[in-house]
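> Guided by the hints, dock chains B and C onto chain A, whose structure is given.
Chains as they are written, first to last, in numbering that gives the first Met the number 0: chain A, 0 to 510; chain B, 0 to 250; chain C, 0 to 118.
Hints are not guaranteed to be accurate.
[Said to hold, decoys possible] Within a straight-line C-alpha distance of at most 30 Å, the following computed DSSO-like cross-link-like pairs (lysine-lysine) qualify: (1) 2(B) with 181(A); (2) 114(C) with 2(B); (3) 32(C) with 2(B); (4) 181(A) with 28(A); (5) 1(B) with 32(C); (6) 112(C) with 1(B); (7) 318(A) with 112(C); (8) 32(C) with 112(C); (9) 114(C) with 32(C); (10) 318(A) with 32(C); (11) 112(C) with 181(A).
[Claimed, not checked] Okay, the calculated beta carbon distance ranges per label pair: (12) 5(B) with 64(C): 51 to 57 Å; (13) 56(A) with 212(B): 36 to 42 Å; (14) 241(B) with 220(A): 41 to 47 Å; (15) 84(C) with 212(B): 24 to 30 Å; (16) 84(C) with 298(A): 31 to 37 Å.
Please keep in mind that the hints were generated in silico from the structure rather than gathered at the bench.
Here a beta-carbon is modelled for each residue, glycine too, at the ideal position from N, C-alpha and C.
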Amino acid sequence: MESAQHFAIYAIVTPLFAAVLVPVITLWKKNWAMPLTGLALTISLILSALLVSPVRASGYLSYHLGSWDPPFGIEIRIDFLGVFMMVLISAVSLIVAIYSRRYIAPDPSREERTFFFFGEEMEEGKRPVYYSLFLVLSAAMLGFVATGDIFNMFVFFELMAICSYALVAIPGTRLPIRAAIKYMLMAVPAAMLALLAIGLLYSVTGTLNMADLAETIASSDYTQVITVSYVILVIGFAVKAAIFPLHVWLPDAHSKAPSSISALLSALIVKMGIFGIIRVTFSVYGAYFPSGLSWVTGVLMWAAAGAIIYGGIMAIRQKDFKLMIAYSTVMNIGYIVLGFGLADVTALVGGTYHIMAHAAAKACLFLCAGSIISRSGYQTIEHLRGASRKMPLTCAAFALASLSIVGIPPTAGFVSKWYLVSGSLNTGNALLGVVVLAGSVMAAVYCFRVVYYMFFLPPLNGAWQERTREAPISMVGPAWVLAAASLALGIFSSWILPPLREAIESLLLGI
Amino acid sequence: MKKILALLLTCALAALLLYVVALLPPMGDADNPTNRHVVPRYLEQGEEEAGTRNIVAGVVLNYRGYDTMGEMAILSAALAGIFAVLGTGRKKVGNAFIDRSGVQFSFISRTAAVLLIPLIMLFSIYVIIYGTDSPGGGFQGGAAIGAGIMISTVAFGFNTAQNRLPHHVRMILEGTAISAFFLVGSAGAVGGGNFLTYMLPSLATQIQATFRTAMLLVLEFGIGITVGVICTSILFALLREEETYNVEHAG
Amino acid sequence: MWNMPVDNINYAVAMILFCIGFYTLIMRSNLIKKIIGLMVMQVSVFFFLVSVGYLTGGAAPTIIPGVAPSPMVNPLPQAMILTAIVIAVSTTALFLSLALKFYSHYGTVDMDKVKEDKR
Chain A
0 MESAQHFAIY AIVTPLFAAV LVPVITLWKK NWAMPLTGLA LTISLILSAL LVSPVRASGY
60 LSYHLGSWDP PFGIEIRIDF LGVFMMVLIS AVSLIVAIYS RRYIAPDPSR EERTFFFFGE
120 EMEEGKRPVY YSLFLVLSAA MLGFVATGDI FNMFVFFELM AICSYALVAI PGTRLPIRAA
180 IKYMLMAVPA AMLALLAIGL LYSVTGTLNM ADLAETIASS DYTQVITVSY VILVIGFAVK
240 AAIFPLHVWL PDAHSKAPSS ISALLSALIV KMGIFGIIRV TFSVYGAYFP SGLSWVTGVL
300 MWAAAGAIIY GGIMAIRQKD FKLMIAYSTV MNIGYIVLGF GLADVTALVG GTYHIMAHAA
360 AKACLFLCAG SIISRSGYQT IEHLRGASRK MPLTCAAFAL ASLSIVGIPP TAGFVSKWYL
420 VSGSLNTGNA LLGVVVLAGS VMAAVYCFRV VYYMFFLPPL NGAWQERTRE APISMVGPAW
480 VLAAASLALG IFSSWILPPL REAIESLLLG I
Chain B
0 MKKILALLLT CALAALLLYV VALLPPMGDA DNPTNRHVVP RYLEQGEEEA GTRNIVAGVV
60 LNYRGYDTMG EMAILSAALA GIFAVLGTGR KKVGNAFIDR SGVQFSFISR TAAVLLIPLI
120 MLFSIYVIIY GTDSPGGGFQ GGAAIGAGIM ISTVAFGFNT AQNRLPHHVR MILEGTAISA
180 FFLVGSAGAV GGGNFLTYML PSLATQIQAT FRTAMLLVLE FGIGITVGVI CTSILFALLR
240 EEETYNVEHA G
Chain C
0 MWNMPVDNIN YAVAMILFCI GFYTLIMRSN LIKKIIGLMV MQVSVFFFLV SVGYLTGGAA
60 PTIIPGVAPS PMVNPLPQAM ILTAIVIAVS TTALFLSLAL KFYSHYGTVD MDKVKEDKR
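One chain only, chain A, in its complex shape (with noise of 0.2 Å):
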């Protein structure tokens, strides 16, 4: 189709002439902040939808920006796992914007309170700010994954993190601001480390765009330098994905924000990281791997395994609900990069069915714990008892995607950790493959203990108040949609499978 090309960018650049739209509109209609929202990123979603057939078809999409040919002009190259994560970017952020409606802006008429902080509310001067920048945050991470130019990367990854590390500090407390801040000293030297290597390997290739850097890589008489610039790549591209042991923003920053940024922060930025980390090795360095630089992923091997245990571990110690949670999240990264990790074709596509299944599972974890702890302004687990007279419907959404983050099947956790286990067995090394079993068990050992505490408790005295109810249905509805999505995906995974399996093998040996 003719116009099925001008799908992707336009998937882009919606949302992002959305944000600008917002504060304006904002001045004379304050309450069109949120359907703009909902309607950019809807018109988005439909336009990535729609690119599946098109990049199934022809195994990948190219567009020429300014109709210059590559290497001279940009180019957006979507491929399988492109068009993947654009529907999943697009998805996600749909959904969650539909939640934010009514948790920053709580109903005064019917007496709800938000607290972000034990009594903080985002001021309503604020709230046009925040979809505006939610909308930039969804077209960088679009942006980001069509990309087929590295600099061009480069200038969305670090758009997503400015949006990221703003909408952290948003709250505007003590905690959120100190957050950002460790958040800020981590990411940004990340990201003039990426600028660096993408320096350094210009300076011998001469060129940008990934295509051509993969065939002049390949016959290159400059391999340390080409090695040193990978290594640069991925260790900054490694902060922003939160891998073990570069992970120590991630629980400040994930807990102490509003919910329904940690909901995206750890369903969505974090694995940006890791795609960025995918794309590079296999399309700009692919004729490096997995010879030349297997103790690369080696050494992510074992920084996965470690970061399951870890966060395992780190998450069944907490008594915040929310740094539970964000723990929980350094866990699971730990799965997709082991899925990376062991360079066979089994577990990484067990990786990048974790990408999908994890998103779904924790977005509506955070967005749940929003709803119980805006309703009851207390955010440890041990006043979650009983949470379940007041928010049934919560609740049950939050004890079904606590089963898919344990992997129990019929969800879409116990495929992609089916994946991984056969991948760990295929390639001999059985000991990750208990790892990732004992993960599952750390797993259920906190989730578990959260459903408990929910459903067979009494409630601890002066925990409730008489008039809290369940949360209103634009809050409770994204949560549900999510939950249902993490059991739908694992049972209809054979529609999703084959031709994930089909893309990554083309990435891993068509090189």
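Showing chains B and C alone in chain A's frame:
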């Protein structure tokens, strides 16, 4: 202990980087990969293809215009981030807006500002317009606009400057860059090329070059206005925060 | 291909600056000094990139009508740096506003003096 570890880490990093840098092709050599592959086309055909005599502006706006769009988005996001952290509204204490008041601004700075600011604005518009043919462009002109407004803030007072450029005006103006990119790009997509194409196949050949120059000018102005307004808004937000702190902790 | 120290001296200086900035960032406890270290790191990377684009004896990449074209330096790193400088300035502005908010909460910009984690 921590100091020794940090020192070791830094020395290791320095050793690695210096090792890598020694292996790079020699600086300034005409046979480098960077000077052989992509760049000769920019230099030789840049003037006819991209329509600019300033080749860097041709690369920034034409060949790699998508990067520039991303960069304007980063500026807008940074401003939104600063509003997110510091708050948007004008803060009041009692019945008066907070201002660095009480001290009369000096006669010399006020007179100098009255003379300089119109010239600075004129110069910045000149830099923006001629950005495609001589060193300059949207960013440089926009920074000069921002500088002019900063001088007026210093000379005439924060409150006066804020009254001249109120919040709603700045909110509308700061979106001009992204809107310009969206509209110009869509014109390219609608007119038969791809997004951000300027030489449209559906136009008659004689006016294609003129259309391209017009589009480049629209983009340059969009970038200039946005950069100027964003610099101003950042300045105002930081000043406001400082004034609030001073007032809250003084009395 | 060992091109030190004369040919690639620019690159070496850029790397040393990068490490100086990195050390400042991790060792100083004052938030403003950390930001300064970060800025030094950013500037060193830009310096490196611009030096990559240098051509010995080259002129600025602008075509002046009436003057015969001479070899010009590489415009692509300059375009990259334009974008990267704007990115770095935006990040620094956001970071400074965070430091300002930190100051208004705690009254100091020194991160070591603020250990307690109460709300």
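> Which numbered hints are broken by the structure, listed smallest first?
The structure breaks hints 4, 10, 14; every other hint is satisfied.
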